[in-house]
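Visitor: Throw the hints in and build the complete structure from the sequences for me.
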Amino acid sequence: MDYYNLMRIFAFIHLLVSIPHGYSNYVETKAGQFFSSGHTNNWAVLVCTSRFWFNYRHVANTLSVYRSVKRLGIPDSHIVLMLADDMACNYRNPKPATVFSHKNMELNVYGDDVEVDYRGYEVTVENFLRVLTGRLPPSTPRSKRLLSDDRSNILIYLTGHGGNGFLKFQDSEEISNMELADAFEQMWQKRRYNELLFIIDTCQGASMYERFYSPNLMALASSQVGEDSLSHQPDLAIGVHLMDKYTFYLLEFLEEVHPASQANMNDLFKVCPQSQCVSTPGHRTDLFQRDPGSVLITDFFGSVRKVEITKDTINLTSPVEPPIQRSGSGDIQIESLTYVDQLPVAEIIHQKPKQKDWHPPDGFILGLWTLILLVFFQTYGIKHLKHIF
Amino acid sequence: MAAHRCGLSLVCILFFSSLAHPSRCDTLEKANDNTATKRSISEVNTDGSVAGEDMNERQWQSTDVEVNRSDGTKNSETFTPAPAKDQFQEELVIRPLHSGDIYASFQFRTLWDTDFLQEGQKKVSHYRLFPKSLGQVLSKFSVQELHISFTQGFWRTMQWGQPFIPSPPGAELWVWFHHTVSDVDGNWKELTNVLSGIFCASLNFIDMTNTVQPSASFKPLGLGNATDHRFLRYATLPREIVCTENLTPWKKLLPCGSKAGLAVLMKSEKLFHSSFHSQAVHIRPICQDEQCTSKAWELRQTLNVVFDHYTSGQGKKEWSLFKMFSRTLTEACPLASSSKVYVDITDNPEGELFELSPATPLLSQAVVLGDRRTYSVYDLTRAETFGQLRSFNLLLRWKGDSGDMLRPLLHAERYVAGFGLQTGEIHTVIYNNHPYRAFPVLLMDSVPWYLQLYIHTLTVTSKSRDNKPSYIHYQPAKDRHRPHLLEMLIQLPPHSMTEVTVQFERALLKWTEYTPDPNHGFYVGSSVISALVPSMVAMSTNFTQDQPLFSSFVPVKEESSYFVRVYTEPLLVNLPTPDFSMPYNVICLTCTVVAVGYGSFYNLLTRTFQVDEPSPPLAKRLANFIRRIRGVPLLA
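First to last, the sequence lines map onto chains A and B.
My numbering applies: residue 1 is where the first sequence begins, and numbers increase by one.
My numbering applies: residue 1 is where the second sequence begins, and numbers increase by one.
Worth flagging that the hints you see were computed from the coordinates, not collected in a lab.
Hints should not be assumed to be uniformly reliable.
Unchecked claim - Computed footprint of chain B on chain A, listed as stretches where at least three residues anywhere in the stretch have a Cβ under 8 Å from a Cβ of chain B: (1) 174 to 187; (2) 209 to 215; (3) 275 to 281; (4) 286 to 299.
Stated by the list, open to error - Among chain B residues calculated to face chain A with C-beta under 7 Å, some are: (5) ILE241; (6) PRO440; (7) SER464; (8) ASN467.
The model shown is predicted, which means the values in this text are computed figures rather than measured ones.
All C-beta atoms, glycine included, are put in the ideal place defined by N, C-alpha and C.
Guide: This is the structure:
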């Protein structure tokens, strides 16, 4: 790994400084490989769409991918993590604040510094599509946005319960494969990605990518149309299945990947053959421009660190300006700085009720009635009463 | 217009600052004098503690914060000549509860010496200790005061007594905006969105349908005389879950993160394996110094946990820091001016109930919630606390059985009565356990619009007699726009039970307004009961003096009573929930009816019927053919 990093830096020097030299072809090919992807930043959108405790495995699926991309260098600010339910602190979880992917509580994929961006009821089809297409309300915080550009490689991972051509969100709504394909097209037109890797672990997962039509998309699914995607192993202490088969073997594969590893997409396609998965994992590469054999796993699961070499000297010894002294305006407001009474009973009792817009003055109504009666008796007199009643 | 005013005030400020400059030097000198005297006090104290090394002769400390602050400021002065008096303190209080549980309360206080709310000041701030993410939020949205808490579990007042800072289950947010804010609702909406990003919580679900403006229940806890409740917003999300993803950003706000100091104990696996977990952030302006001539921002981060080690530890009431947090302490946060661990030993004056090891010669007394409590103090800024092993693991062993259950003077509970899915009744029961004193409480209820309150059925009874509230503020709900808000000031008679009941009707929601799991029910946030409870001992009204953090949150105005807030249980109410598969069923049924009923009927009406003559058998036809030729009558 160190060796590779060194090579990277050499490659940079070679390209940026461009001094005539006698490096071997090896370095050239390395450098070529390094820039072949053409992306400058990496993003990940990881979504679990299932609610309820018995869908523990879907949360574990998503978190294991989260763990892998974080380990390979994508920071939390570039990961949009959506979990439809809280498994870690669920009251049924015998070990709170943990989500395990392996039996006997071997690997806690929840970790101690997870940041979930969308959770619970926030995980909806609308929010998912808004994140992808960037059509969020203006006050949405940065951590809930996918701030990608046309040089971004995006990994999108979905898991949940699905069927032929749809994926359920929270048992109450669903996204269809056409909607998803249109969202990706909109992303492409808005230049929100350079290349996009789509992975889905759900029943009949291949149906979700068959309608894609935008360029630079690569898609993987855990099962073909007509097949179920199966869960991997139950844990007796936790009482539910911990993971799905496909993501389990995907996690095992990703655990072997390190930031400098040369594993490519063809290796990823071989993950979980039918003998292990029971279902047949599928993939689609016809929209993708490059040969999958030349695409590194770290192009999507890792992160690019931009290195720029400068020959200029930067002087860091200039004194740091101390903050400006506060102007002494304290004398003006000595009397105004006080703490308030927390329960001023007398004040509350005498608090005036809110004045209504307009009240007729007191006695106005009474006066009006008197006037009416007076006019009545003036006109008819008391003796005519018997004609009226 | 506004710019003009700003400019004018800038000129004013500049003028006054030039006037006030000499006096500023004076105060600086004064401060220096103060530290000098404090230093001398601290020397005396340390001498005393060295002398009283044996355990029989315990050292009493009145206020022990100053001891180390002088050292701290001295140290910081040596390498940073910063004029800003930023400060960071950390503190852990451990209280063994009578039920066998252990209450651990962390408090971290960051003081930020800046005042950007003042007009004319440049909005330049330094972020030495104060988290920048929060500082920018404060200045952008002109927040005067901000209180946010995330709680899992319910604080059982009857068993555990009063917490230092109470909080309702779920998330609670209340904010006082500065009185110059024109669009409070807009600021509030944006602020909740931003906070939801900072704390990884679903605070963006706070909207107009669950926000209220309490008229009397919430007053600013910090400096400020503006109590116009138009600038106050209050909202709770009782359903909000609290987990590691909320703790992670909370820990990042600390100057030392979770790398050093008391925060190393915060392992989420242990903190969430507890009966009660609550974390909060309180930001408010407080006095900069004793004279209270200028403001400073106080960020108080609190984390309260109740561990149930009695049932999980096979009935043994032993605990240690390692057992609770799976870590021991090795150092104080280097940025902290004070770092202390307090253990409540009030019930154990002679060491007959439990034994603490390592023993400490330092004791401290504080008046907390109307009671004088005694604490053993462990100062983490001193090397001798950690001993030979360079690690501090506090251990408590119980000797005898603990005493009686304590009866809190005030507690409350709430439940829903009634049957069926049409109507119901909310009961709130408030207990005053004081033998001879009556005291006032302010009850605040915020009920979502889909429970339509029948306010004419509101009754308040104490001792089976009608108790007329001296102040009622009721704001009816507007469907899909605003919740009900009910505030009542009730005088609780001594040793009594006061019951507040109100009936309600459940509304039918629209199809899309149901949550994805509507059969779980809908939550109604806790009632808030603010009270002035008579105090057993005289409360200290001098708020500016240095006190331990846990006893200095709520400003005290009078000696005879103390302010306390009690939250009741949130309610879980079932609303009439349609069968969401109904459209599907209807379609299926309709199709069946159409296919079977209408189809066959239509068929019957449009078909023409003809009598079909059966053709005679072949033999008969042949016979008839022959008979026709012969001219004989045919066979029938």
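Visitor: Verify the coverage statement for the stretch 275 to 281 of chain A against chain B, using a C-beta to C-beta distance below 8 Å and requiring 3 or more qualifying residues.
Guide: violated (count 0)
Visitor: Three residues or more, CB to CB closer than 8 Å: is that satisfied between the stretch 286 to 299 of chain A and chain B?
Guide: Violated: only 0 residues of the stretch 286 to 299 of chain A have a Cβ under 8 Å from chain B.
Visitor: Holds or violated: is there a CB of chain A closer than 7 Å to the CB of PRO440 of chain B?
Guide: Given a least distance of 5 Å, the restraint on PRO440 of chain B holds.
Visitor: Take the stretch 174 to 187 of chain A, compare each residue's beta carbon with every beta carbon of chain B, and decide whether three or more fall closer than 8 Å.
Guide: violated (count 0)
Visitor: Should the hint that ASN467 of chain B touches chain A count as held when the rule is a Cβ pair under 7 Å?
Guide: Violated: closest Cβ of chain A sits about 15 Å from ASN467 of chain B, beyond 7 Å.
Visitor: Are at least 3 residues of the stretch 209 to 215 of chain A within less than 8 Å of chain B when you compare beta carbons?
Guide: violated (count 0)
Visitor: Hey, does the SER464 of chain B contact hint survive, CB to chain A under 7 Å?
Guide: Violated. Min distance 25 Å.
Visitor: Report holds or violated for the interface hint on ILE241 of chain B, using the least CB-CB distance to chain A and a cut-off of 7 Å.
Guide: Since chain A brings a Cβ to about 4 Å from ILE241 of chain B, closer than 7 Å, the hint holds.
The structure shown violates the earlier hints numbered 1, 2, 3, 4, 7, 8.
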